[in-house]
Amino acid sequence: MSFISVTQRLFSGFAISFQLFFGTLLLALPLGLLISFGSMSRFKPLRWLVRTFVWIIRGTPLMLQLIIVFYGPGLLFEMTGIGRMQAAYIAFIINYSAYFSEIYRGGIEGIPRGQYEAGQVLGMTRNQIFFKVVLLQVVKRIVPPMSNEIITLVKDTSLARIIAIQEITMVAQNYIADKGIIWPLFYSGAFYLIFCGILTILFHFIEKKLDYFRV
Amino acid sequence: MPALEVKNINKSFGNISVLKDISFSMEQGEVISIIGSSGSGKTTLLRCLNFLETPDVGQIFVEDKCIFNSEDKKSLKDSQIRKNRLHFGLVFQSFNLFPQYTAKQNVMLACELLAKERPDYKANKKQILTEIEQNAEELLKRVGLSERMDNYPHQLSGGQQQRVAIARALALKPDILCFDEPTSALDPELTGEVLKVIKSLADEKTTMVIVTHEMDFAKEVSDRVLFMDDGLILEQGTPQEVFENTREERTKQFLKKLTD
Ligand SMILES: Nc1ncnc2c1ncn2[C@@H]1O[C@H](COP(=O)(O)OP(=O)(O)OP(=O)(O)O)[C@@H](O)[C@H]1O
Ligand SMILES: [Mg+2]
Numbered sequence: 055m056s057f058i059s060v061t062q063r064l065f066s067g068f069a070i071s072f073q074l075f076f077g078t079l080l081l082a083l084p085l086g087l088l089i090s091f092g093s094m095s096r097f098k099p100l101r102w103l104v105r106t107f108v109w110i111i112r113g114t115p116l117m118l119q120l121i122i123v124f125y126g127p128g129l130l131f132e133m134t135g136i137g138r139m140q141a142a143y144i145a146f147i148i149n150y151s152a153y154f155s156e157i158y159r160g161g162i163e164g165i166p167r168g169q170y171e172a173g174q175v176l177g178m179t180r181n182q183i184f185f186k187v188v189l190l191q192v193v194k195r196i197v198p199p200m201s202n203e204i205i206t207l208v209k210d211t212s213l214a215r216i217i218a219i220q221e222i223t224m225v226a227q228n229y230i231a232d233k234g235i236i237w238p239l240f241y242s243g244a245f246y247l248i249f250c251g252i253l254t255i256l257f258h259f260i261e262k263k264l265d266y267f268r269v
Numbered sequence: 082m083p084a085l086e087v088k089n090i091n092k093s094f095g096n097i098s099v100l101k102d103i104s105f106s107m108e109q110g111e112v113i114s115i116i117g118s119s120g121s122g123k124t125t126l127l128r129c130l131n132f133l134e135t136p137d138v139g140q141i142f143v144e145d146k147c148i149f150n151s152e153d154k155k156s157l158k159d160s161q162i163r164k165n166r167l168h169f170g171l172v173f174q175s176f177n178l179f180p181q182y183t184a185k186q187n188v189m190l191a192c193e194l195l196a197k198e199r200p201d202y203k204a205n206k207k208q209i210l211t212e213i214e215q216n217a218e219e220l221l222k223r224v225g226l227s228e229r230m231d232n233y234p235h236q237l238s239g240g241q242q243q244r245v246a247i248a249r250a251l252a253l254k255p256d257i258l259c260f261d262e263p264t265s266a267l268d269p270e271l272t273g274e275v276l277k278v279i280k281s282l283a284d285e286k287t288t289m290v291i292v293t294h295e296m297d298f299a300k301e302v303s304d305r306v307l308f309m310d311d312g313l314i315l316e317q318g319t320p321q322e323v324f325e326n327t328r329e330e331r332t333k334q335f336l337k338k339l340t341d
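So the protein lines, in turn, are chains A and B. Using my numbering, the first residue of the first sequence is number 55, and each one after it goes up by one. Using my numbering, the first residue of the second sequence is number 82, and each one after it goes up by one.
There could be a bad hint or two in this list.
[Claimed, not checked] If you want the footprint, here are the derived chain A segments under chain B, 3+ residues with CB under 8 angstroms: (1) 139-145; (2) 162-171; (3) 229-242.
[Unchecked claim] Below, simulated DSS-like cross-link-like pairs (lysine-lysine); rule was C-alpha separation at most 27 angstroms, straight line: (4) B:K280 with B:K101; (5) A:K186 with B:K101; (6) A:K98 with B:K155.
[To be verified] Incomplete in silico selection of chain A near chain B, CB under 7 angstroms: (7) L176; (8) V193; (9) V269.
Hints in this document: simulated from the structure, not taken from any laboratory. For glycine and all other residues, C-beta sits at the position ideal for the given N, C-alpha and C.
Sequences are here, hints too, so could you generate the full structure?
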C-alpha cells in the first residue's frame, strides 16, 4: 500500500470530515444564538420548552442522535429515509446548536446588570446598549468556551462513521479490515492534530486581540 | 422654581413597601445628602429618579415640568423615558464603566450616540465630534485625570474609575446629578480624591443628590440632609439641624451607632 495512495484516500476522507465540521459550524452558530434567546425568554412556556430541549440534546449521546435521525424517519413514520450526509448535518447542527446556546447564555447572563443600567441612565436605546456596550463583552466571554467546543466538534465528526459516512477515521479504519495495516490510522490522527492546532492558534489570536480590556 | 420636585413617591417590591410617600423638593444649585440605615430605600429612591424603577404612585417634576406621573405611566413611551432620564445623571456605587472603552471614550460614548439624533449631524459631523471630544477632555481634566484619558478602566484605580464615571455623568449636562454611595466600594485611602471632586462640583453650584455613609462629608458638602428610615423621610434640615440638633429618636440612634 503506497504512502501516496493512502494520503489521497485520507484527504478525501478528511474533505468529508471538514464539510461536516464547517457546515455544522456555519448553521449551529446562529441557530445556537436563537436558541439561547429562547432559553432566556421572559415568556415562561417558551423558556421551559427550549430549556427542556437543550437538556435532552445535551443529556444524550450525539451518536444516539445520529442513529435516530438517520433511521428514525424510515422506521417510525415509514418515510423514505434521508441521505446519510443530510442526517449527519441535521444531527450535528441540532446537537451543537444546543451546546452553543448554553455558551451564549452564559456569556450574556454574565454581563453585570450595572452595564445595562449605566447605558440606560446615559440615555442609550436598547439597541445601542446591546451593540455598543454588551456585545463585545459577550464575545470576549464566550471565546474560550467556544474554542473548546469547536475543537471538540472537529473530533466529534468521527462519530459520523456510525451511519457509514466515509469520513477520515472510517477511511483509515478500513485499512485494518481490508489490508491488515494500522499505520493509516495513526496517519489520520495527524490530520486531526494539525487541524486542531490551526484552530488553537486562530482562537489564541482572537483572545489576544480582545486582551486590551477586562470583563 | 424648584429644580426638582418629588411628590408622594411610593414603591413596593412584591409585598414589601420600600418607599412610602416620599416627597421633597430642591432648588437649583442645592446639594442634598440622603443618609439612613441599610435597606431604608435610598438606592431605590435614586433609581426611581433615574427611571431604573417605576414608582407605583407619585409624581416627579423637573423645573415645574411634570416628567413622571403614576396616573399615566402606562402610556409612557420608551423614547420619552429616555428623554426624561437625561434630566438626571447617576453615579453608581460600583462605577459601571464600560470596560472595552478608554476613559475618554467612556465619557464620549453617550454624547456621540445622542449627537447622531441631531438634525444637523450629517452636515456638521466633524465639528460636532470635535466638540464632544474637547468636552470629554475638559471634564477629565476637571476630575484630575488628564494623564489617564487613554487608559482602560482596568488600568485605573477604583478612585480614578469613579472619577471617570463622574465625568461621564457630567458629559450629558444633567440638571440633577445623583450619587449612590460613590465611595463605598473604595479603599479608605481612595475616598478622599472622589469626595474632593464632588466637593468641587458643589462649589460650582451643581445640583446634586448624594446618598452617602460619609457623615463628615455630608456635613461639609450639603445644604440639606434627609434622613431616611424604612421608606420614609423621617427628618430633614440643614446639616447643623440634623447632626447637632437632632429631633427624631431614630435619627439619634442611627447617628450614635455610626460613632460607636
Ligand atoms: N429589585 C428588588 N426586588 C426586591 N426587593 C428589592 C429590590 N430592590 C431593593 N429591594 C429591597 O428594598 C429595600 C430597600 O433597598 P435599597 O437598596 O433602596 O436600600 P438602601 O437604603 O439603598 O440600602 P443600602 O444602604 O444597603 O444601600 C431593601 O429591603 C431591599 O431588599
Ligand atoms: Mg443602597
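Status of each hint after checking the structure:
{"no.": "1", "hint": "139-145", "result": "violated (count 0)"}
{"no.": "2", "hint": "162-171", "result": "holds (count 4)"}
{"no.": "3", "hint": "229-242", "result": "violated (count 0)"}
{"no.": "4", "hint": "B:K280 with B:K101", "result": "violated, 30 angstroms"}
{"no.": "5", "hint": "A:K186 with B:K101", "result": "violated, 37 angstroms"}
{"no.": "6", "hint": "A:K98 with B:K155", "result": "holds, 23 angstroms"}
{"no.": "7", "hint": "L176", "result": "holds, 4 angstroms"}
{"no.": "8", "hint": "V193", "result": "violated, 10 angstroms"}
{"no.": "9", "hint": "V269", "result": "holds, 6 angstroms"}
Comparing the model with each earlier hint shows violations of hints 1, 3, 4, 5, 8; every other hint is respected.
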